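Q: One letter stands for each residue in the lines below.
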Amino acid sequence: MRGKLDLDRAQVRRARQLARRAGKPVVDLARGHTTVAVERAVLRLAGITGADPDGIPWVNRLVDAVAADVGLGHGVSVPVFHALAISGAHDLTMLAQKAAAGSVRFSLPSGTAATAARRAARRAVAAGIKRIDRRRAERERLVKRYGDPRQRPWIYLIVATGDIYEDIPQAQAAARAGADVIAVIRSTGQSLLDYVPEGPTREGFAGTYATQENFRLMRAALDESSKELGRYVRLTNYASGLCMPEIATLAGLERLDMMLNDSMYGILFRDINPIRTFVDQRFSRQIHARAGIIINTGEDNYLTTADAVEAAHTVTVSQLLNEYFAHEAGLADWQLGLGHAFEIDPDLPESFRLELAHALLARELFPDAPLKWMPPTRHMTGDVFRGNLLDGFFNLVGTLTGQGILLVGMMTEAVVTPWLSDRDIALQNVRYVLGACGGLHEDFVPAPGGFIQRRAHHVLGESIELLERIVDDGLLNAIADGTFGIMKRPADGGKGLSGVARHEDDYYNPATELLEAA
Amino acid sequence: MRGKLDLDRAQVRRARQLARRAGKPVVDLARGHTTVAVERAVLRLAGITGADPDGIPWVNRLVDAVAADVGLGHGVSVPVFHALAISGAHDLTMLAQKAAAGSVRFSLPSGTAATAARRAARRAVAAGIKRIDRRRAERERLVKRYGDPRQRPWIYLIVATGDIYEDIPQAQAAARAGADVIAVIRSTGQSLLDYVPEGPTREGFAGTYATQENFRLMRAALDESSKELGRYVRLTNYASGLCMPEIATLAGLERLDMMLNDSMYGILFRDINPIRTFVDQRFSRQIHARAGIIINTGEDNYLTTADAVEAAHTVTVSQLLNEYFAHEAGLADWQLGLGHAFEIDPDLPESFRLELAHALLARELFPDAPLKWMPPTRHMTGDVFRGNLLDGFFNLVGTLTGQGILLVGMMTEAVVTPWLSDRDIALQNVRYVLGACGGLHEDFVPAPGGFIQRRAHHVLGESIELLERIVDDGLLNAIADGTFGIMKRPADGGKGLSGVARHEDDYYNPATELLEAA
Amino acid sequence: MSTIVRPYGDTTGDGMVQLSFTLPVPADKRAEGAALQLAGKMGLDPAMVVHSRAMGDGYTFFVVYGRVQHLVDLGKVHVVERDFPLLGAREINTLVKRRLRRKLVVVGACIGTDAHTVGIDAILNVKGIAGEKGLEYYRELRVVNLGAQVSVPDLVERARAEKADAVLVSQVVTQRDAHLHNTREMSAAFREALPAARRPLLVVGGPRFDERDAAGLGVDRIFGRGTTPREVASYLVHAVLPARAVAA
Amino acid sequence: MSTIVRPYGDTTGDGMVQLSFTLPVPADKRAEGAALQLAGKMGLDPAMVVHSRAMGDGYTFFVVYGRVQHLVDLGKVHVVERDFPLLGAREINTLVKRRLRRKLVVVGACIGTDAHTVGIDAILNVKGIAGEKGLEYYRELRVVNLGAQVSVPDLVERARAEKADAVLVSQVVTQRDAHLHNTREMSAAFREALPAARRPLLVVGGPRFDERDAAGLGVDRIFGRGTTPREVASYLVHAVLPARAVAA
Ligand code: B12
Ligand code: B12
Ligand SMILES: Cc1ncc(COP(=O)(O)O)c(C=O)c1O
Ligand SMILES: Cc1ncc(COP(=O)(O)O)c(C=O)c1O
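Chains as they are written, first to last, in the working numbering: chain A, 1 to 518; chain B, 519 to 1036; chain C, 1037 to 1284; chain D, 1285 to 1532.
Heads up, a few of these hints could be off.
[Stated by the list, open to error] DSS-like, lysine-lysine: derived pairs with alpha carbons at most 30 Å apart:
hint: 1; chain 1: C; residue 1: LYS1065; chain 2: D; residue 2: LYS1325
hint: 2; chain 1: B; residue 1: LYS648; chain 2: B; residue 2: LYS745
hint: 3; chain 1: C; residue 1: LYS1112; chain 2: D; residue 2: LYS1313
[To be verified] Pairwise CB distance ranges, derived in the manner of DEER restraints:
hint: 4; chain 1: B; residue 1: ASP863; chain 2: D; residue 2: GLY1500; range: 50 to 56 Å
hint: 5; chain 1: C; residue 1: GLU1221; chain 2: B; residue 2: GLU828; range: 36 to 42 Å
hint: 6; chain 1: C; residue 1: PRO1062; chain 2: D; residue 2: ALA1477; range: 43 to 49 Å
hint: 7; chain 1: B; residue 1: ALA965; chain 2: A; residue 2: PRO25; range: 46 to 52 Å
hint: 8; chain 1: A; residue 1: GLY450; chain 2: D; residue 2: GLY1500; range: 55 to 61 Å
hint: 9; chain 1: B; residue 1: GLU828; chain 2: C; residue 2: GLY1183; range: 18 to 24 Å
Simulated from the structure, these hints should not be mistaken for laboratory data. Owing to the predicted nature of the structure, the values given are computational and were not obtained by experimental measurement. Beta carbons: idealized from backbone N, C-alpha and C, even for Gly.
Kindly produce the complete structure, drawing on both the sequences and the hints.
A: Structure follows, in structure tokens:
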């Protein structure tokens, strides 16, 4: 079937080819580097837990100690498991404590010692991956038992009190009120922390820290809700920032179901170094692929800094790149929650038809992906009455164009992080629109050659042009030039570059090995 | 062109024929009767003005005196103009004063005296009709000068403070904010008053009294606004209740542009006697036809007492009857603001598509009428956030189905008569929807044989069945049975029956004569 | 458990509320300051004007968010609790039959110029509301529904003629406190026309009444938003029977 | 003209306002009573609960309409009026050149963990906002935009290094009063690091600040919602030049 937009298949194919060509050099770069975060993720898979009295996780202390002694370029697995073997420490956590106390030093073994260390590392990491596999199987069981949401799009709601113990009842209330997916927003500062905080937390700003314990508490609470409601309620968090690979790992271990995980968000909106990001990205996506986690990409963010009409094609280009990177890392189409958003200035004539054109374009370019449709934010104001109206039309585009995941917009977008009542009002809005207009897509037939088709074709054309330029100049240069979200991020700038190392010849990473073998 | 609903033309023709057959006996009834209100309207055309110290208009005193002396069945024109000739009163107003003082008596002249009285009456009434004609020409001039609204539907806003001096600035503010039509709602009690209050008024409940002076003040204010805005702003009031014909006349004299004027509203919702209503109706519509006034019918009201899905066909039947009565009274299609409303329970699945089906049915049955599309009221609650959302979807139906006049819904529908800010919020809502979705009707193509078409065909079928029953039983019996709005109104019940009289053989009404001659 | 609570935005005790209003002043800094002054007087501290919009030349609309400093003392909440048992139709009929030994007569109307009959019809007509049948459905009640726009003298006259045990009045239009004026006029008329012993039970209802105002309005009971017929019927047997059953 | 006004619903002096909030109590009559109690404390009389809705087991959301009894005294409104002339780009450049005789140095940043740069960029970047160019466009201003998530020590250090005349700080996230804490921390750090005479002018901005709080937060000026670059530039020449032009 040709779809409602009558897209040219040859053009679509060409766009995908260009995205592959634009992304390939970056994948090669990622394959040749590691980062402190990747190495910490590996050790987390291998079983290290806990934090020092200052709250710095032992895994950080351990990786820092290894890096100080032998550098990062060989991977930490071999030196760590070698030290574990010879130090007499019971486990990695104890080893980290000793290292912190200065009573262990790290070195690169050779010969059988090296082989033994590799084998031990691989065994330990395999156990971690096994746990992830079990969590995935558990999810599949629970989904079978309780069932998936009855409708598409899935209803996705944000919780953001900063306090996990306030978040939990709010999340449960939201689930009861109809949410299919709960996202716990992170505290503003977390993405730039180069470690993952520990334990349950109550002091976030505009969001709650992502910690393994918070993940566990919230997943357990939502398991209760799933049981109560007879519908598996999904949990989302953010695999982004300087600890992206570790958080992905913790998500896999605690059976989170979706993760925000964009290939460029950290670069553009957190000023994290591009190389660091791409290396961390690839590893975290391999974990997500294994864990059966759906990723959510962040193209919506571009439209908060760039104009949603002018920059519509940058969203498409980024979706194509995110798709390529995701496939390369082993993710299947059903795991690609590619992002896009309802951010056109509502005062623009025909803005709603433009939104429809953009949303349909994404739908038809990625027919098998559970697209994530994001609500208006930029043009939301303190006029909450108008806000609820705009959110209604956003919901309408969602159902008319068959989006997969609907992030529910809040009338207080411009005012506060969502209140309990905001969510309730927003969910009523969604329910009304999905209920009243659920079948309307049958009657929505963009006029052949009309405004909507023309707009979609135009955006696809612009996307191809932009991809051609990126293929010529290189993606890193395009990012440096402000192509996405008007944010200029040179490849040698940004935070976290010091945590990147080029692979030495003997670089060894049992996790990558296992994940890529699958 | 076949329209979006693919209606069966033969069915549509049949529906119209049935409506004519159902309405005809009632028209015959109206042609054979007069009422106090019709006679007062005639005298108002003939120039009587003013009220006694208790506020009772002289025209009431005069008609009552005539009725007391010679009855109503001959019409008041001849006895009045005969008395005027022999009493030495300067004008009708003075005559009324004398009559009230008991110093004049009325009789039925014969021979040349009768001929002279008729001629005098006809001359006086003709002068009144001439004034109406001048007002119509004036409107046409002003519309030419300032222009019609740039968009369809026209935006229709209600003002209802109860105080004409608060109404005026509010109406002007509304016009500035985008209203094309201003309706001044009437005080709750007025429809049951058997006289028209005089002068400017400040003490209405939930509306402002309809008086000639209030009409004049508001029209003058809106003329100012029209000039300021470069767009002719229309004014609406209510030709309904016990004084319907007089108010229609005053509207013609003061250049109101639209009037609420339904053939059955007074019967059903004010418990006014059916015969009284149909007689008053016919006369008032003849005036409206002459004055170039657009009438607004009240089918929307049925859906506040009956269920909007179950009773959808009663709206269609009533529209067909209103159309027949209107044509019979001389109104042209462009003057038929037939009413219908967005009143389906929003919790009903596919409610929005049902609304679309009903609204399109009306559109395609009456392609040349400026349909009046009424907002949700019954299912509005104190949840004003949800209210604004529903109003947005109501607006969307309005633009998708090409409605002529959009009565703007208010988020506070269930709470208060509109506040200044409610109107502003509501107008922003309208502007957003019409601006963002103005061209969307091109892409709205009900699936052939799909939900919307099937629903429309079904309602048309039910309408034909109901019309057949009405033709068999008689319209008055149907009304007595609660066919419309579940209100049961027997032909011999209700208010105002005592003001109805059967025509005597010599009944004379110069106004009808002049209006029907045209 | 503490009986002191505060409004809840997203954290226990945060006290957050939303507020909107119009001030009759042109939109400028002074207007925003005026809005903050009002919010302050209402107890918002801090208060944020998150939206302001000029309406015409002389008016400005505001949306304000903020923390309200007042505490809500649940212990001091004054409500009209249902102080009678909620009965089924059968019980009600039996009670009337046994204790009144005749039908209980109910006269209903919308008074004044109010023509909103849907509410009183929901209480009186067989059809009822919210799945409950209306009072006409109760075999032992005799219901006389006078409909809309009934004048107070007509109502009193008819109540007397029908020997009404209870008069049920609906008032929906509230602009300029029409519902309060009409109710007061009605109760005064009954007081004037009939000695206390023969006066029917006076009940008013409508979506905007405050149920706590019965005494002030001179009526026996007020029913608000979302009332159901069974509540009313139960109240009637409770209020009419004990006192009068003896006399009857 | 009277300087006393009241909120306006649809009639002068009616005092009508709209209010919504959640109470952490189950939805029942007591909850409605609690809502009315709060509305009463806020000065609404009469108050009508026009909507209530249970959210989960323990919370109820209310919409309340009513007449607020407070008066707004326009004479006592406290606003931060613009107490400096609004200048054009050319005038500003000329003034700086003539009176400062060097470029005026502006250092800007989002501090703390706040990463919302759109607002400060709107003020600083050439592109500007609302049709006005940003400060970078002014030839005689030297703008150093440090971007997002700048720590306070880094900001102080950089301001010192650049010999900043003015430091412009943006704060958008307000949950738990983050913006107030960060601003206080920032102003304290500058006070500690530099003697009063060498301390740059401290300016903060963001959509949720109350412009009247400058003194309390230890800064020289606050700019709120909808600020434009020209206002800021005009303020800078006004506040930096007179005092310092002499010293320079
Ligand atoms: C339906 C309706 C109409 C219909 C009425 C049909 C009819 N036969 O009743 C029509 C279209 C005719 C109409 C006309 C007008 N209406 Co009207 N109408 C409404 C509407 C949409 C719904 C009311 C309703 O039926 N609610 C459903 C019933 C079941 O609820 P209820 O009345 O609250 O009753 C329940 C309880 O309150 C209680 N109850 C009520 N009465 C009693 C009595 C007793 C004894 C007891 C025990 C309990 C009880 O029990 C009921 C069941 O739970 C409301 C808006 C809204 N959404 O609320 C406006 C509304 C009530 N109307 C309004 C107005 C102003 C008018 C007009 C005056 C406008 C005009 N100037 O032309 C006219 C004239 C009417 C008049 N003279 O009174 C205003 C009133 C504003 C105010 N607060 O003062 C409203 C709020 C709309 C608005 N925002 O402007 N209206
Ligand atoms: C765009 C945006 C983003 C973008 C930011 C991109 C960027 N590079 O800036 C992205 C998508 C990255 C983002 C992320 C987040 N955001 Co955000 N975001 C917004 C949004 C939609 C618009 C803000 C904006 O750009 N406004 C336009 C500018 C021009 O206006 P302005 O900032 O008010 O600036 C004007 C004036 O205030 C003033 N001004 C501002 N600063 C200064 C400084 C000086 C010196 C002067 C003189 C004047 C001045 O002048 C400006 C021009 O007039 C708002 C919602 C909304 N509609 O307001 C949420 C919002 C600000 N974000 C919010 C949140 C919570 C976040 C997150 C923390 C969520 C999370 N936990 O993941 C993240 C993390 C960000 C972080 N660490 O700070 C909340 C803040 C809630 C609160 N009140 O505390 C909001 C209100 C949304 C919400 N309701 O939840 N966000
Ligand atoms: C793709 C993506 N990742 C991450 C985040 C969250 O930001 P942070 O990593 O700062 O928590 C967002 C915010 O919306 C996002 O869109
Ligand atoms: C057709 C029609 N006529 C009249 C009215 C107004 O009622 P009244 O005549 O009581 O002023 C309405 C109310 O909406 C109406 O729809």
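Q: Check the following: the C-beta atoms of C:PRO1062 and D:ALA1477 are separated by a distance inside 43 to 49 Å.
A: 44 Å, holds
Q: So does C:GLU1221 sit 36 to 42 Å from B:GLU828, Cβ to Cβ?
A: Given a distance of about 38 Å, which is inside 36 to 42 Å, the answer is holds.
Q: CA of C:LYS1065 to CA of D:LYS1325, is that 30 Å or under?
A: 28 Å, holds
Q: When you check the alpha-carbon spacing of B:LYS648 and B:LYS745, does it fall within 30 Å?
A: 26 Å, holds
Q: Using the C-beta atoms of B:ALA965 and A:PRO25, is the stated range 46 to 52 Å upheld?
A: The hint (46 to 52 Å, Cβ to Cβ) holds, given that B:ALA965 and A:PRO25 are roughly 47 Å apart.
Q: If I claimed the Cβ atoms of B:GLU828 and C:GLY1183 lie 18 to 24 Å apart, would that claim hold in this structure?
A: Given range 18 to 24 Å: holds, Cβ gap about 23 Å.
Q: For the hint 50 to 56 Å, verify it against the beta carbon of B:ASP863 and that of D:GLY1500.
A: 52 Å, holds
Q: Regarding A:GLY450 and D:GLY1500, is the given constraint of 55 to 61 Å on their beta-carbon distance met?
A: Holds: the Cβ-Cβ distance is about 57 Å, inside 55 to 61 Å.
Q: Need the status of pair C:LYS1112, D:LYS1313: alpha-carbon distance at most 30 Å?
A: 13 Å, holds
Every hint, counting from the list given before, is met by this structure.
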